[in-house]
Every structure is written in C-alpha cells, then in structure tokens.
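Produce the entire structure from the sequences given, and follow the hints as far as they go.
Residue-level listing of the chains:
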Amino acid sequence: MSVAIVDYGAGNLHSAAKAFERAARDHAKTPDVFVTSDADRVAKADRIVLPGVGAYADCKRGLAAVDGMIEVLNEQVGKNAKPFLGICVGMQLMASRGLEFETIEGLDWIAGDVTAMVPSEPELKIPHMGWNTIQVRDSGHAVLKGLATGDDGLHAYFVHSYHFATAREQDRLATFDYAGTFTAIVAKDNMIGTQFHPEKSQRLGLGLISNFLDWAP
Amino acid sequence: MLKARVIPCLDVKDGRVVKGVNFVDLVDAGDPVEAAKAYDAAGADELCFLDITASHEGRDTIYDVVSRTAEACFMPVTVGGGVRAVEDIRKLLIAGADKVSINTAAVKNPDFIREAAEKFGSQCIVVSIDAKQVNAPGDPDKFEIFTHGGRTPTGIDAVEFAKKAVALGAGELLVTSMDRDGTKSGYNIALTRAIADAVPVPVIASGGVGNLTHMVEGIRDGHATAVLAASIFHFGEYTIHEAKAHMQDAGIAMRMDDTI
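Line by line, the protein sequences are chains A and B. The first sequence begins at 1 in UniProt numbering and counts up by one. The second sequence begins at 1 in UniProt numbering and counts up by one.
No lab work stands behind these hints: they were computed from the structure. Warning: the hint list may mix true and false statements.
Pairwise CB distance ranges, derived in the manner of DEER restraints [unchecked claim]:
| no. | chain 1 | residue 1 | chain 2 | residue 2 | range |
| --- | --- | --- | --- | --- | --- |
| 1 | A | S120 | B | D28 | 45 to 53 Å |
| 2 | A | V118 | B | K108 | 21 to 29 Å |
| 3 | B | R90 | A | L99 | 24 to 32 Å |
| 4 | B | K108 | A | S139 | 16 to 24 Å |
Backbone N, C-alpha and C define an ideal beta-carbon position, used for all residues, glycine too.
Shown next as structure tokens:
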C-alpha cells in the first residue's frame, strides 16, 4: 500500500510525513509513505493526503499551480473513490468556497463555505489555538475507532481562524465547542477531513492516522 | 472546550541544551531531542526551543535539532532566537517547526512581521515581546520593550507594539517580563494582562515562574491562554503533570490526556 502526501508548497509537510511514517511503522501493512508534487505519483498511490497551512487563497492557487494535480485529485478521489484525508487548510479546500480575504472556489467535494469563526463570547481569542475535545455524531466512523472522544475524551490540536460550515449536517462527522459549535471533522464517502492537525495531536492524531491506513470505505 | 497550555522552553546553544535538564532516564540530558521526547511523554502541550547560538556557523545546528524532534514528538514545536529573515523561517518550517517566534527583528523592522505572515500564514508567526515595567511606583503602569536579552531599551511602548504586531499579522504573542525573568517571583501579571486584553490573539505568559501558583495566576489574572516555563521543569522541581494538575485544581481547564 502506498500513501501520497501532496506537496504544493503549503507549509510544513515534514511533520505530517513523520507522523504517517510513525503510524506506518507500527502498522501491519507497512505502507510506503512519500511526499510528492508529481501528479502521476499521486494518481498511482492507494491513499492520498492533502495537508495545508496558511491562507485559503494561497493554498488553492498553490494547488492549482501544480501541473495536473487538481485533475488527478478529482479523478482519484472523486471518480476512483480512493481514501482521502485533508488536514487543516487541506480539509477546507474540500469545500465549495473559501471566504478568507477574498472569495475563491474550493475543490467543491463537500458543499459548504469556509468562513471566519465568530465565537459568541467576544473575549475568546482568535486563532482558536491549542487543544480541544471533539464531539462525534452518534453513528461514529472507522477513522475514530478505539479513540475516546467527547468532553472527557482525547484532545486534538487546532490552530485556525476559519472553519468549514458544511451545507449538510450529515457531512459533519465531529464538532468542537468554542462558544459556538464548529466543524472538527468532515466525512463523506471515501473522504475525510480534519480541521485539527492529527500529526500534532499525539494519541488521538496517531490513532486517527493509523485508522485511516486501515480504512476501507 | 479549549484548554490552557503549558509550554516548557529549552535554551539551545550550538545544538545542545544549556540550562540543565534534570530528568532520570535521559541518556543524554544535553541533547535537546532527548529532552523534547521526555516532555512529550510527560504531557507538555507544546514545546519551545530558544536558539541562543551566537556564532553564524553554529546556527545550522538548530535545523537538525528541530528535524530530529519532529521525527519523535507529535506535538507543536515553536522555535525562536535569531530569526531575522524569511529564509530563516522557511528553513525552520521545512525542518519541522510549527511556529516561529520573531523578537528583535520584529522590533527593528515591524514590516518583517507582515512579510512573514503573508508568506507563511499568521498561524505560525509568534511575535516575542520582551518588556520591563518602567513607571515609577504609584504611577500608571508603563511597559517598555527591551532587546538583546533585556539589555537594550527601545523607547517603544509594549502594549502599543503588541497591537501593531497583531495588526501586521502576528498570530500569537509571547510576552516575557524581563524584570522578572530568572527571579522566580512570578510573571508580571500587569504586563501580561495589559497586552492580553489589548489584542484578539492568544498570549503566552513568560518570565519569572517560581512555583505552580504563578502559572495559575498567568492564566487566571494575566488572561494568557498559555504559560511558558523553563527552569522549574528543567531542574526537576515540578513535573509537567504536577503543573497541570495544580492548574486544574485551581479551576483552569487543562488537557490531562495520557500521552503516547
């Protein structure tokens, strides 16, 4: 099994790659994890990961600037239904549109907009930065198997000012509370996206990555 | 619910820890990566490396430290010290840092903050503010920024500079009270709160921690969302867990997960 981490110039791929390598090392299937900006290599991979930090528009432009990458993602994730994980802005790119600084089209895999978080308590700090718990909808999901969630569960590491407001509630697998309810994980068919950084979220994060490697959507 | 963060900070010089890290089970206490792993396992919420390497040749050692840390620790890492150019930030992020803190360079040239935030995103740009309380006793609070380890006054008002740094794109502020640093008499709460209440971004309290109650005060009274400490952890006076348990007992929501 091979896992492609898509390199499109959007920040820190090192830690995502290391977390996947660590999870892969402990994994029976010992998958081959590689970071690449080559659309052909992404096309041949069994699983695809799209990380991303920074501003939405920059990330989208960066992705569009990689020759053939968006086409390959649409084909492999959309048509061929390969397991896909988006992380942070990589997750937000799954949305129809991003409204950070300017309105820009996303990959439009999951209907909804990425908009500024506005907690109902104005003294709360933005970015939403640090460790928070997540609330998972009742049906659960294979990528969260064996992981304690909810108020007394494990924590995830977040750092962001915008969040993915999904058009359909069923696309939202998990939320977090920050004087308001915001999207922590989106899930649809073979796609999963986390607003938090699994590669920085210790037990919850490595567990989620390990489950993603097992996931057969 | 979002939790308050406890951040141990390691001073690194030429790739080695300078202030002792006094843990049992450390094969090489001078290796910052060994110390980072110990803090990771102990439940630190984040880790900070402050590179105090003076020589130009020695500066590359920090990239190796960060890179090896990112292979072993799955929590956020901030690196500061000597960050002067966009290229420094790029190299640290590529090595595996999650955030980079800018200090003197931001004071000298505030536009560097904007340049860095536009290039890499506000989420990874921490502006480090070293300040001293300069008003006479009884007069209204006044805080001034100092550079070069607290030796050089700048005449710049710390609260005004904090607002400016955030307007230029800083995603977080690390506020160190230079008159408290090393005294173990507690954070300068007036300074921490003046800045925390003036900006919308998270503030990390730093400088002067001597006991665990000081950490409670940093969050509760200083309105910081994270507390940074060095010596009380490095010399084994308190463990990370003791700090977090004490803060939780004081009514602050803390992350008490078992680690890996």
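Checked hints:
1. S120(A) with D28(B): 45 to 53 Å: 49 Å, holds
2. V118(A) with K108(B): 21 to 29 Å: Because 35 Å falls outside the window, the suggested range is violated.
3. R90(B) with L99(A): 24 to 32 Å: 28 Å, holds
4. K108(B) with S139(A): 16 to 24 Å: At roughly 55 Å between Cβ atoms, S139(A) and K108(B) fall outside 16 to 24 Å, so the hint is violated.
Hint check: violations occur at hints 2 and 4; the rest are consistent with the structure.
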